[in-house]
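Following the hints, put chain B in place on chain A, whose structure we already have.
Protein chains in written order, with the numbering used here: chain A, 662 to 989; chain B, 662 to 989.
These are computed hints drawn from the structure, not numbers from a lab.
All values reported here derive from a predicted model rather than from experimental measurement.
No copy labels: a pair is met if it fits in one copy or bridges any two.
Here are the simulated lysine to aspartate or glutamate pairs, DMTMM-like style, with alpha carbons at most 25 Å apart:
id : residue 1 : residue 2
1  : Lys772    : Asp970
2  : Lys979    : Asp687
3  : Lys811    : Glu842
4  : Lys804    : Asp687
5  : Lys811    : Glu838
6  : Lys804    : Glu982
7  : Lys979    : Glu762
8  : Lys811    : Glu925
9  : Lys880    : Glu904
10 : Lys811    : Glu849
11 : Lys772    : Glu960
12 : Lys804    : Glu925
13 : Lys880    : Glu838
14 : Lys867    : Glu900
15 : Lys922    : Asp707
16 : Lys880    : Glu900
17 : Lys880    : Asp890
18 : Lys979    : Glu849
2 protein chains.
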Amino acid sequence: MSIRVGIYGYGNLGRGVECALRQNPDMTLAGVFTRRPPETVRTVFDGVPVYHADMAPSMRDDIDVMVICGGSATDLPVQTPMLAQYFHVVDSFDTHARIPEHFAAVDAAAKASGKVGLISVGWDPGMFSLNRLYAEALLPDGKDYTFWGKGVSQGHSDAIRRIEGVADAKQYTIPVEAALEAVRSGAEPQLSARQKHLRECFVVLKDGADAASVEQQIKTMPNYFADYDTTVHFISAEELAREHSGIPHGGFVIRTGRTGKSLENRHLIEYRLNLDSNPEFTASVLVAYARAAYRMGLEGMSGCKTVLDVPPAYLSPKSGEDLRGRLL
Amino acid sequence: MSIRVGIYGYGNLGRGVECALRQNPDMTLAGVFTRRPPETVRTVFDGVPVYHADMAPSMRDDIDVMVICGGSATDLPVQTPMLAQYFHVVDSFDTHARIPEHFAAVDAAAKASGKVGLISVGWDPGMFSLNRLYAEALLPDGKDYTFWGKGVSQGHSDAIRRIEGVADAKQYTIPVEAALEAVRSGAEPQLSARQKHLRECFVVLKDGADAASVEQQIKTMPNYFADYDTTVHFISAEELAREHSGIPHGGFVIRTGRTGKSLENRHLIEYRLNLDSNPEFTASVLVAYARAAYRMGLEGMSGCKTVLDVPPAYLSPKSGEDLRGRLL
Numbered sequence: 662m663s664i665r666v667g668i669y670g671y672g673n674l675g676r677g678v679e680c681a682l683r684q685n686p687d688m689t690l691a692g693v694f695t696r697r698p699p700e701t702v703r704t705v706f707d708g709v710p711v712y713h714a715d716m717a718p719s720m721r722d723d724i725d726v727m728v729i730c731g732g733s734a735t736d737l738p739v740q741t742p743m744l745a746q747y748f749h750v751v752d753s754f755d756t757h758a759r760i761p762e763h764f765a766a767v768d769a770a771a772k773a774s775g776k777v778g779l780i781s782v783g784w785d786p787g788m789f790s791l792n793r794l795y796a797e798a799l800l801p802d803g804k805d806y807t808f809w810g811k812g813v814s815q816g817h818s819d820a821i822r823r824i825e826g827v828a829d830a831k832q833y834t835i836p837v838e839a840a841l842e843a844v845r846s847g848a849e850p851q852l853s854a855r856q857k858h859l860r861e862c863f864v865v866l867k868d869g870a871d872a873a874s875v876e877q878q879i880k881t882m883p884n885y886f887a888d889y890d891t892t893v894h895f896i897s898a899e900e901l902a903r904e905h906s907g908i909p910h911g912g913f914v915i916r917t918g919r920t921g922k923s924l925e926n927r928h929l930i931e932y933r934l935n936l937d938s939n940p941e942f943t944a945s946v947l948v949a950y951a952r953a954a955y956r957m958g959l960e961g962m963s964g965c966k967t968v969l970d971v972p973p974a975y976l977s978p979k980s981g982e983d984l985r986g987r988l989l
Numbered sequence: 662m663s664i665r666v667g668i669y670g671y672g673n674l675g676r677g678v679e680c681a682l683r684q685n686p687d688m689t690l691a692g693v694f695t696r697r698p699p700e701t702v703r704t705v706f707d708g709v710p711v712y713h714a715d716m717a718p719s720m721r722d723d724i725d726v727m728v729i730c731g732g733s734a735t736d737l738p739v740q741t742p743m744l745a746q747y748f749h750v751v752d753s754f755d756t757h758a759r760i761p762e763h764f765a766a767v768d769a770a771a772k773a774s775g776k777v778g779l780i781s782v783g784w785d786p787g788m789f790s791l792n793r794l795y796a797e798a799l800l801p802d803g804k805d806y807t808f809w810g811k812g813v814s815q816g817h818s819d820a821i822r823r824i825e826g827v828a829d830a831k832q833y834t835i836p837v838e839a840a841l842e843a844v845r846s847g848a849e850p851q852l853s854a855r856q857k858h859l860r861e862c863f864v865v866l867k868d869g870a871d872a873a874s875v876e877q878q879i880k881t882m883p884n885y886f887a888d889y890d891t892t893v894h895f896i897s898a899e900e901l902a903r904e905h906s907g908i909p910h911g912g913f914v915i916r917t918g919r920t921g922k923s924l925e926n927r928h929l930i931e932y933r934l935n936l937d938s939n940p941e942f943t944a945s946v947l948v949a950y951a952r953a954a955y956r957m958g959l960e961g962m963s964g965c966k967t968v969l970d971v972p973p974a975y976l977s978p979k980s981g982e983d984l985r986g987r988l989l
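If we strip away everything but chain A, and leave its shape as in the complex, we get:
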């Protein structure tokens, strides 16, 4: 029997989930839920039922897992606990400081309904968190580092767009190669924000805007740019559309550590992602964890969980025998 999945919230991430479900034949897309008028929403593939978000609770018997594709700032803190009353739920909540609060709210709702709520699923938080955990558990005497990029930071791009005189902008976060090498050497360096990442900005100016002033405002912007080496390129709207329309991202989780009688032996564990499409990869992670949520539910589990709690085999549609035979 196919796992019936709903998509709640339909932006880039929701579209990615729609695509990812096509790659997982054990799952069926039961419907897309949106706050917009459903008839105005055009799905990636034809024939996908689109419902108003308010309809979701009435479909509790038609959907096994709801993948919630709202934003972390205001959507998910409300939506995930609300929907966990009716469905197993998976979200990509990524406001780090508020995870304990979100965990508690989803846990209460999911325990009351007997459902599984998987939060903070994606690649960071998500796969990167998992790799930090595994590496720390295997090499307790060591140090780990996370680098992001090369990739587009939506938050930094938005910050540039808010500057007067800027028509559009895209910001890439880029790990510093020398910092990666220093970390891989096992030297356990202390690295400042500036030493770890570069920021490269592609900016389209409005007519008559002062380039020098815009560049100065970007480079001195507190938190976002002031602590980094930042490069600003002014380009045309056409070039921005042609060369910078993608949403690539990725990064590295690296841990070095020591073992042995006198901790004389060094080890390196490195996990790397290089993603053409940040939302589509995040969506792929959400879909694999939707399968896991369904399975954990079948086994009678309930409450809030994270990627750190999920047995890896639950992510795969394959049997234990098959996985042991091919992958072990």
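Chain B only, in chain A's frame:
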């Protein structure tokens, strides 16, 4: 309360487990079990109790988890099911073709005793298996590749030592850089054994041995060397001892795959290990999974499991709150 761990079998791997336990303060080494006369065994650290292997069953109340450090060929198929009658057990069984049989034997014994038996724990099988699983589940349309090295292959070194005229030898398996790059490109190349790995041999000849004949015998040895580009260096016993006494290893698990409406976006997932000491790192993995076996046992689980079944958080001594706060 500390988790009481026994080490059954005391070679390089057992010594690695002894060292790793020192790095994990929530665990205590309860004793080393050996088939040799216990008084002849010298442990890495002073004060470790050494018992004859036959004593193990009588210590069922003194040990929570037995880490079994025997060989896969003849030791583990007997030892792991036998010891699973008395303890939670962890082994590094790595004879791939016999895993189903070993799984069944350990499962029967561990279910009967109510214990947890974790088999095939290490880095391959082990962490590499996990990374193949995660990557395949996240990117169903794709292909994965495992490369080993640069590292010492014990089996290949032994094969050289069996040639007449060879006093000693060390063989390094080395991934071909061009193959790594071809895989990372996302081209999903078909690669032969020769295209993926090089073999480099350091050989000490006995007095009067014929170097040309030894080199020829190595390079044409079926299965071991004939299908690879192999380099042979003849060196002195002193140089072998000085430059090649370590047991480094490592490798790469790389998967590339595609997502999107027409599978137009490419993604790369790469996991890499670079290890100064193969047995010490394997031992570190065994110790983290010994903790997991103990925890799973506390939760009432029993039977045979592999790394694919273990919730990641069980590997860590830290609380769920702490892990979510620091690592998520």
